[in-house]
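*Asks:* Each step along the sequence shown adds one to the number in the working numbering, with nothing skipped, and position 52 is 52.
Honestly, the hints are just simulated from the structure, not real lab data. Check the hints yourself; a few may be wrong.
Derived pair list, reagent style PhoX-like, types lysine-lysine, alpha-carbon separation capped at 25 Å [said to hold, decoys possible]:
id, residue 1, residue 2
1, K67, K35
2, K147, K85
3, K107, K10
4, K131, K85
5, K108, K131
6, K85, K138
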Amino acid sequence: MIEIPSDLHKDLVPLAFLLGSWAGAGVHDFPGSEKCNFGQEVTFTHDGRDFLEYRSHTWVLDNDGNKVSPLESESGFWRIDADRKVEVTMTRDDGVIEIWYGELADKKPQIDLVTDAVARTAASRPYTGGKRLYGYVKSDLMWVGEKQTPEVELRPYMSAHLKKAVTPEEVERWAKALPDDMPDDGIAFFK
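Could you build all of it, start to finish, from the sequences and the hints given here?
*Replies:* Have a look at this one:
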């Protein structure tokens, strides 16, 4: 279920499905890098202004699902206009800054983005642009990213399936909402 916070800026209501903390796993595969499974934590927050703040951290997973090493981190800001056009500014830990433009699909929570501008520091790897697709599917957040470099044509390089993470504040809110006469064993709750 998608909740729309009362203090969410009115322009951001179409992006409310992104709000919250998300966690899951995916696959990373791009020439010049070792193919791997990765874990990911993503947060979309707001402070009442007309943008969502975005943060993502990924890490390499071993065959048992344990964290091995950091993979990528990025942060940015998401906006949407009255015509459902989405703009994203993003900074990556590898020295890349991107501006993305795209659109929220009609009648479904899906966003297609394409890079419009890329700036790189001298230390960053070659990179010329990318595409991303985000979708809210059966209460989960899924995404796929494509990228290109001067040597590699545009191709998929990362994708993930993320589940909504429960925050301590949500647990506290739910606990306060429980009825006082809740049975201790919990079994009667299901009868």
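*Asks:* Does K131 lie within 25 Å of K108 when you go C-alpha to C-alpha?
*Replies:* This hinted pair holds, its Cα atoms lying about 19 Å apart.
*Asks:* Between K85 and K138, is the straight-line Cα distance small enough, at 25 Å or below?
*Replies:* Holds. K85 to K138 sits at ~24 Å (cutoff 25 Å).
*Asks:* Is the straight-line distance between the alpha-carbon of K131 and that of K85 25 Å or less?
*Replies:* Holds: K131 and K85 sit about 15 Å apart, inside 25 Å.
*Asks:* Mind checking the alpha carbons of K147 and K85 for me, to see if they're no more than 25 Å apart?
*Replies:* It holds: about 21 Å lies between the C-alpha atoms, which stays within 25 Å.
*Asks:* Check whether the Cα positions of K107 and K10 lie no farther apart than 25 Å.
*Replies:* Given that 25 Å is the threshold and the Cα spacing comes to 18 Å, the pair holds.
*Asks:* Taking 25 Å as the top limit, are the C-alpha atoms of K67 and K35 close enough?
*Replies:* Holds, at roughly 15 Å.
Violated hints are absent here; each numbered hint is respected by the structure.
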